[in-house]
Structure formats: structure tokens, C-alpha cells
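Participant: Residue numbers (our numbering), protein chains in the order written: chain P, 1 to 292; chain C, 1 to 292.
There could be a bad hint or two in this list.
Below are the DSS-like pairs computed for lysine-lysine, each with C-alpha atoms no more than 27 Å apart in a straight line [stated by the list, open to error]: (1) LYS229/C - LYS199/P; (2) LYS213/P - LYS226/P; (3) LYS226/C - LYS229/P; (4) LYS229/C - LYS213/P.
Computed beta-carbon distance windows for the label pairs [said to hold, decoys possible]: (5) LYS100/C - ASP140/P: 20 to 30 Å; (6) ASN241/C - THR247/P: 44 to 54 Å; (7) ARG32/P - ASN241/C: 18 to 28 Å.
The set of hints was computed from the structure by calculation and includes no laboratory data. All C-beta atoms in this analysis are idealised placements derived from N, C-alpha and C, irrespective of residue type, glycine included.
Number of protein chains: 2
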Amino acid sequence: MTYCVAMRLNSGLVFLSDSRTNAGVDHVGTFRKMSVFENPGDRVMVLLTAGNLSISQSVRQTIAEHLSPDGTSIWTASSMYEAAQIVGDAIRMVHKRDAKSLEQFGIDFNVSMIFGGQIRGERCRLFQMYSAGNFIESHDENPYFQIGESKYGKPIIDRVVSPATPLDEAAKCALISMDSTLRSNISVGFPLDLLLYDKDSLSIKRFVTIDEKNQYFQMIHSIWGKQLKSVFEGIADPVWNAAPEATTNVLSSISNQNQPVRVQPPPSLTRVDDAVAPLQTLAQQSGQQQQH
Amino acid sequence: MTYCVAMRLNSGLVFLSDSRTNAGVDHVGTFRKMSVFENPGDRVMVLLTAGNLSISQSVRQTIAEHLSPDGTSIWTASSMYEAAQIVGDAIRMVHKRDAKSLEQFGIDFNVSMIFGGQIRGERCRLFQMYSAGNFIESHDENPYFQIGESKYGKPIIDRVVSPATPLDEAAKCALISMDSTLRSNISVGFPLDLLLYDKDSLSIKRFVTIDEKNQYFQMIHSIWGKQLKSVFEGIADPVWNAAPEATTNVLSSISNQNQPVRVQPPPSLTRVDDAVAPLQTLAQQSGQQQQH
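Looking at chain P on its own, in the form it has when it is part of the complex:
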């Protein structure tokens, strides 16, 4: 599997990807899932991919070579929307070529992508691409996209990221999100590619490949875990069966007792706290009752 996340903030874009691939547990590999299309001063575009690796690679190759019917390429598209259409076209071309053959082997045409960047004269834009070649664009209420194993690392992003989040802080959040995913899912792995794009720079100035030994990532990994534990320990335990006037940490109140959904034992089953019957007798009674 894969975990990739990208964020579109007021100050620019953040892209983060892992690099583990696998075909079964005994065929684990490392492939970079982030590709950069850069023409400094004119455009920077970044593609993150998840799904079937052969499809992703073919799509990337096709994007690099593909021209739309009017001769436009990803290098000449006048807007990110047009560039996203070219990416979508590339997905459809690979689908046309490969999907039927894959289907004969019971393999879905499975690919998902995040595509974002900036073209001179336009703002930063970020898209999520689907297998069908269609796509959606991020907006201020939903400033990020994830692909692959997205769930482990989603809560922390939901809690801290908004369009106003500074770029470095958003990168920190993406790395924590990745750390949680790495910890809980073995199909996501090092090295990580992290790219921060400063709006209007129209060139790549901050990119790093992060391995297990990266000092900042190690710090995040250990500090975040430790601090989370200390916050956790600092939260009071619940109070059960609190007096009606209690107002602190009340999980349940003596005046408001809940009952679980119970599956009742058959009436003939003597309650052990009423009369201690040997288990054998209980079995027989219950057996008789249940056969009614």
C-alpha cells in the first residue's frame, strides 16, 4: 500500500509520500511515489500516486509524452485545470490499453493520484484524480487530500490543519500523520519524500528524502509519542455512578443508570447468586428449555 498526503494552504503546498510497494508480503519493494514536473520560473507540478504500480508508472510516462488534441502538453497547459485534464487523459489512455488484459487476470484497474502545483499567472491548485480520469479540486473547507492508507493519519490533520496553517507547521503535521500511519500499518514504509512549495516561487526550493535516521523525523516520532502519552495520562479517569450534583468527569450518574442490551438466559436457568447449582444441572435445564 501507500500513504500520500498533500495540502493546499494560503502560503503554498505540502506534499508527502512513502515509498513502500508490495505484491504479497514476500515481495516488498521501494519505489518513489512522488514525481516532479518543474520548469523553473514557469511551472511546478507534483504528482503522488497510489494503487497498481505498473499503472502509476505508465500514467507518469504517458503524462510526460502526451499531447492533448490541440497539441497542449503538461509543459504548456495554461492552467492547472488544463494540466489535470491531461493527467486524466493519460489515465484513460492507460486504461484503454491495459484494463481489459488486467481484468482477464482478475485485477482491477486501480490507481489514485494527487496532482498539484502552480503555473505562472495562476494560484496554487490541488486535485485528487480517480481511476476513471476524473478529478476533484481542494478548497478552503477541505484543504488536503490523502491517497492510500489514509485513515490512520486523518484525525491529526482534521484537528490541526486549516488554510491559514504556515507551510512548515503543515509539514510537521503531515509528518506526524505519516508517523501514526507507519506505526500502525506495515504496508507503509521509508524513505519518505517531502516537498514544500512556496507560493509564487515557481521552483522547487525545499525537498528532502527522509529515512529512519532523519534527525527531525526521529525527534517527531519520539516526542509526539511521549507527549501524547503524557497528555493521555493527564486526563482524569471517569467517575462512575456520580452523585446527582457532581459536575466533573461524570461518565455515569447514580440517578441515571443505563442498562445494556441483554440476551436473557432461559427462565429455568437458576441464577448462581440465588442458589449455587452444579453446572451439569444448569446445562440440563438450559438444554431442556432451549428445545421448546
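Given the coordinates of chain P, assemble chain C onto it according to the supplied hints.
Facilitator: Structure of chain C alone, referenced to chain P:
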């Protein structure tokens, strides 16, 4: 969907379930997913269910009525292992009755369950049941099971729960795990059923149904979010292009510059920072190049 989690600790068992069901977004309902089988002084067993609701309900009904070939019921099983076999048998009976008809409508026989408790004379035990009626048991290296939307709430459990965790602290962790899930996934919803079972008590003493207004849950929801944010803000931002001798928060070093995977523009594409060519020209040049 569903989120249920159960933990087997040295001091007892924790069970937590949500209660949202849905058949498409316009058919959302509330069904309790926790069922209790209690014969005080003799046995306490708890069943959490996820998957197709009709299957879960049929299985629960079947468990209540089912006798194994030798006349044993869930009320008379001499061990939790035997009880889990009865639950497995019940799943298989419902499969035999319903699976073919469901298949005709393209519906998988999809159910997963957590089943745990204690029978007098035995320790607390916890099982995860599969659709095929087979099951696995928790152990000290893996003291918890989740079913349904398990990923959002997994990282926090992985970070803080071990068999030595006290019961109330584990309940707190389960609630935080649920809070993260509720925040990130709309298919999981209130009310929540929380049951804490103290080892060897052989009866239910702590159960609560938690709604949006529950004071303790509200406190966890707001404190956890706030403290997480403050821990997040307390972590230093990364240092880019640090000097070789730097050792603090170093994300990338000036002496070790990484490069992203680049898809190269065609050689004919004049770099805008070398010479500002009108876009139209770029398009033509690129178009010609790409057709080679």
C-alpha cells in the same frame, strides 16, 4: 459502518461500541451493537457486531437459542473457547440459511464480531470472530481487537495500551479512539455503549450509554483536541539546509541535498528563467518535440 473496540487487560475487559447503521446515506439508523449475556456469579459474555445488520441480529438470536450437538448452550459452555465455538456455529447456521439468497442480490455475507467475557473458574478471554465462523484469541502482545472503521482510532491504542493498563485508563483510551473516529468518519455515531468488566466479578457493574451530552465524553473531546493542538504547537518546526554541524531539528542538511524524482521537460523547452519565451512558442516547441 461501525466502530467497536474491546481490550483484554490484566484487570479485566473493556468493550466500547457505537450505534450508527446505514444503508446508503439516506437511510441512517441507530442500532445497539453490544449484547450482553450475563448469569451473575457464573458468567458474563459480551458480543460486539459489525457488518450486515440482518446477519448480526440473526446470529445473536441464534446464539441465544442454539445448542451444540452435545446439548451445550452459551449459558452452559464450560469455557469461553467453547462459548466462542457456539458463536461460530451460530454464524455458520445463519450463513447456511442466508448466504445463497444474499449472493443472488450481489450482497456479501459480511459480519465480524468481537466476543469476550469470563466463565467461572476461567480467566477473562477475548476473541475476534470472522464471517466463516472461525476466530482468533487476543494475547498479551495484542491485547485488543477492533471491528468496523478501525483505522482512525488505532494509533492512539497502539501508543498507550498494554495488558498492565488499568481498566479506567483503558476505557479513557477507548473513548479517545472513538472520539477520533467520530470526528473523521460520518458513518460512526452516538450513542456509545461502554462496558467495563472487572476480572472475577462475574457480573456487570459498570455500563453506561454515552450520548453527545455526556459530561466525561465532552471533556475528553475538548481537552484531547486542545492538548493535542498544544503539543503539536510545542514541537519545533523543521530546520531546512542545516549546517553540517547542526544537531537539532535537522530535516535536511546543506551537505546532503536530495533531489526529487523528476520528469524532465523536453530539451527544446526553453527555461523561463533563462529566457522568457511567450507561452505559445513553448507550446509549439514542446509539441514538436513530443511528437518525435
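Participant: Look at each hint and say if it fits the structure.
Facilitator: Quick rundown of the hints versus the structure:
no. : hint                            : result
1   : LYS229/C - LYS199/P             : holds, 25 Å
2   : LYS213/P - LYS226/P             : holds, 19 Å
3   : LYS226/C - LYS229/P             : holds, 15 Å
4   : LYS229/C - LYS213/P             : holds, 26 Å
5   : LYS100/C - ASP140/P: 20 to 30 Å : violated, 50 Å
6   : ASN241/C - THR247/P: 44 to 54 Å : holds, 53 Å
7   : ARG32/P - ASN241/C: 18 to 28 Å  : holds, 21 Å
Violated hint for the displayed structure: number 5, the only one.
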